[in-house]
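Visitor: Letter by letter, the sequence shown follows residues 107 to 165 in our numbering.
None of these hints come from the bench; they were simulated from the model. There may be inaccurate statements among the hints.
Computed spacing ranges between beta-carbons, pair by pair [to be verified]:
#	residue 1	residue 2	range
1	V137	E158	27 to 37 Å
2	S163	L132	41 to 51 Å
3	V128	K148	39 to 49 Å
Don't be surprised by glycine CBs; every beta carbon is placed ideally from N, CA and C.
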Amino acid sequence: MQMMDGMFGSATEWPIYTLIIVVVILGLISVYLSYMTLAELKEMRLAFERVEKLLKSVE
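All chains, full assembly: derive it from the sequences and hints.
Guide: Here it is in structure tokens:
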């Protein structure tokens with residue numbers, strides 16, 4: 107049993123490691139989604155500027 111504890115850690119450490127991994131994964135997903143949202147907003151702003159320029163040219 108001591109050999110397994112030495113290789114894999116004690117049974118009480120597993121929930122802590124699992125929680126840390128889950129928090130890190132959720133954090134990375136959150137950062138990715140924020141980046142994608144900002145990229146989409148930037149693209150939308152450029153599209154609105156093009157539409158605004160087109161409307162001004164029509165007037």
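Visitor: Would you mind marking each hint as holding or not holding in the structure?
Guide: Now the hints, each set against the structure:
1. V137 - E158: 27 to 37 Å: 32 Å, holds
2. S163 - L132: 41 to 51 Å: 47 Å, holds
3. V128 - K148: 39 to 49 Å: 31 Å, violated
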